[in-house]
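A.B. asks: Next come the chains, spelled out residue by residue.
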Amino acid sequence: MLSLLDTLNIGASGLEAQQTGLTVTGQNIANQNNSAYTRQVVDLSAGPDIQTPNGFEGTGVQVSTIQQISDSALNGQICNQNSTENYWNTQQSNLENIQTELGQFLNTSSSSVDGTTGSDGTASSEGLSSQINSLFNGFESVASDPTSLSERQALVSQAQTLAGSFNQINTQLSGVESNINGSIDTDVASANQLMSNIASLNGQIAMAEAGTNNTANDLRDQREQDLENLSQLGNFQISTATDGTVSIVAGPYTMVSGSKVVSTLGTENWEGSHIVYSTTDNASVTFTGGSIAGEMDARDGALADLQSGVNTLASQLITQVNSVYSPGYDLNGNTGADFFTGTDASSIGVNSNLLTDPSQVQAAGTAGAASDNTVALALGQLATTSQSGLNNETFSDNFSLLVSGLGNSLSNANDQVASQQAVTQMLQNQRGSISGVSLDEEMTNMLTYQKAYQASAQVVSTVNEMLETLISMKTV
Amino acid sequence: MRVAGTSYNEMMVSQLNLLTSQQQQLENQVTTGMRVTKPEDDPAAMGQALNMDTENSALTQYSQNITSLQSRSDLVASSLQQLQSLTDQATEIATEADGTATPTQLQAYASQVSGLIQQAVSIANTQDGDQYIFGGTKSSEAPYTTTTDASGNITAVNYQGNTSVMQSDIGPGTKMSVDIPGSNTTGSGARGLFTDSRYGADLFSHLISLQSDLESGDTTAIQSTDEPALVKDENNVIYQVSANGVGQSQLTAAASNNTTQQDAVQQSISSLTGADITQTIVNLTENQTTYQAALQGSSILLNLQQSLLEYL
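Going down the list, the protein sequences come from chains A and B.
Here the first sequence is numbered in the working numbering, starting from 455 and rising by one per residue.
Here the second sequence is numbered in the working numbering, starting from 32 and rising by one per residue.
These aren't lab readings, by the way, just hints derived from the structure by calculation.
Here the structure is a predicted model, which means the values were calculated and not measured.
Beta carbons: idealized from backbone N, C-alpha and C, even for Gly.
Just so you know, not all the hints are guaranteed correct.
To be verified - Cβ pair distances, simulated, as ranges:
| hint | chain 1 | residue 1 | chain 2 | residue 2 | range |
| --- | --- | --- | --- | --- | --- |
| 1 | B | Q319 | A | S604 | 46 to 56 angstroms |
| 2 | A | E847 | B | V44 | 40 to 50 angstroms |
| 3 | A | N786 | B | S182 | 37 to 47 angstroms |
| 4 | B | L326 | A | S887 | 17 to 27 angstroms |
To be verified - So, partial list: chain A residues that the calculated Cβ filter (under 7 angstroms) puts toward chain B:
| hint | residue |
| --- | --- |
| 5 | Q486 |
| 6 | S579 |
| 7 | N587 |
| 8 | S598 |
| 9 | D826 |
| 10 | N846 |
| 11 | S850 |
| 12 | L860 |
| 13 | S865 |
| 14 | N883 |
| 15 | S887 |
| 16 | S892 |
Turn these sequences into a full structure, and let the hints steer you where they fit.
C.D. replies: In structure tokens, the structure reads:
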């Protein structure tokens, strides 16, 4: 049979164990709003038995481990989902910028450039589309009154507005492109910083856990947080080694192994494109998820399509208009000049002589016939002519297709963002139900530990009384 | 299932965000009356709306073209009326100047015809603003110049214009002209008003010949040559008057056709891009009810979360 002092120790072990339990409960409660925190539980086990003539008697309780309740498969899934969701978030925000810079909207109250208002509040377009219409209407107006200098002046100023819009759209889309490249640089720098943090956390975790069966819970939480942030930037492949460290691979190239950063990411302009590459392997890295991929795909997809589409449209407009216009005659009998100057959206402009002298607009098919409008009429009819250089579409149709193409990309991104957010939310809830802190549960645990602590204290106090009884017996 | 304390808040925030963003979109639709304002709203409808807007703007231009053709046509019509009465008078004089007329009468007729020639030249040089309307497309200079003899009589009228006419678009693929060249002796193209070799019309030289026959008292030539020639001129003018009438009714038809088409196009744009206001308001009300319910539910939940603590 155990002595009274042994029983006192059992009480003391109870006090110690309940106190540890209360500490962990306190830690859980304190971190309940920390989204990176994984809840911890105390695993208790009975102390070793001692064989007595009465049989085996216990020696109290001991804390075997403080365990993190996490599901590593679910964490991996969340990382993958982060990459996918952030890919679409990034696409969405960049495509919205592009949509804004293109400036093609519908409006009920707007007036078109030539001053006519959509009657009875019918929607009319703003932006390049209505300016293309205005240009061809300008040619028609000159055709219907070829000797009028004011119609010619109106035409020249409409053409100037259109050329200005082409220049502006081109500049703004280039601006979007360089902003995207800037974001890629920032993301790559963040990724490098996170990978270096993870490598150093790997080292600390390996050292802390070496030779024990305990886990370095809070360090692991920090690392998990860094891994999740990293997964928002790119779809890195992450694998866990037996020593508790994780390795990070981007494409085919290892970035982090154990506590060592094997390679960092860099960016450079290569063959006209801003790319990401592995500095050690000196080879480009392609991501399919995360914000870096989202930025690159928005840049090389919708933005590049739009930029080249707008340039093709501008250069076709310049060539087609000039080829009809150039053989025409102006009011002074001169011929051979161009209407538009430049070669694409960045350089398109209106022949500067026309700005100062609209009588030089070459509207006539023959010299010396002031009311000859054949060239102006032919220019007006270009509006409805299919252009072989534009997939046999008219200028306006071609631009509408560019606009709806961009709209399709953005609307697809919007749908993807909505559904990916729902998936992320579900995974987060699932993880919350495993690893999150439930206040009700912690309060219950707190009561349990408190009552057990009180009971253990009662054991100690009872043994104390018994010992006192024993001691007082001897002195009598 | 265990529910973590933070799950409530995260769910609540994301649901409320979703509801408010839907609300904003619906409110936008109600205030603008439009379902589609940006390419992302409905890419296909946006593309179609832009194409229809192009059509709409072309139809507006056609209507403007028609209006200016109509005013030009009115001007041509008034010149034609004057010319018609002029040829009437000339034919009448030629009919009356037969063998029964006295030399004094013939002299009086001759000076009347001289006046008609002057009047015809002035009609032929009619201007619309600073453009001459009967000179073909050479509109910046007077189409007819005259040669006069010592006594001030016009002995020859020369055409300076060309035989081309200005055309305008009045509808998709439809061109029209209301102009008439003063003279066409090429045997093809638009029919000349004063001279056309195909129809024997040559008003000025016929009038000049009538005048000189009247002055010389050659009534035989007047009856045998001048009168039949002037009848051809009169017929030519009558043809131009009726062609002008036909043209005007074509313009009216084209104008009303354009208006109908434009109405249809605008209606299509509205139905493509406009919001169904009733449905939108119903959706908005639904959304607001859900939003209020979500807020209320959330506040109950937030209070409940404290419950265990309150009981302890």
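A.B. asks: Run every hint past the structure and note whether it holds.
C.D. replies: Hints, verified against the model:
| no. | hint | verdict |
| --- | --- | --- |
| 1 | B:Q319 to A:S604: 46 to 56 angstroms | holds (54 angstroms) |
| 2 | A:E847 to B:V44: 40 to 50 angstroms | holds (46 angstroms) |
| 3 | A:N786 to B:S182: 37 to 47 angstroms | holds (41 angstroms) |
| 4 | B:L326 to A:S887: 17 to 27 angstroms | holds (25 angstroms) |
| 5 | Q486 | holds (5 angstroms) |
| 6 | S579 | holds (5 angstroms) |
| 7 | N587 | holds (4 angstroms) |
| 8 | S598 | holds (5 angstroms) |
| 9 | D826 | holds (4 angstroms) |
| 10 | N846 | violated (15 angstroms) |
| 11 | S850 | holds (4 angstroms) |
| 12 | L860 | holds (5 angstroms) |
| 13 | S865 | holds (5 angstroms) |
| 14 | N883 | holds (5 angstroms) |
| 15 | S887 | holds (5 angstroms) |
| 16 | S892 | holds (6 angstroms) |
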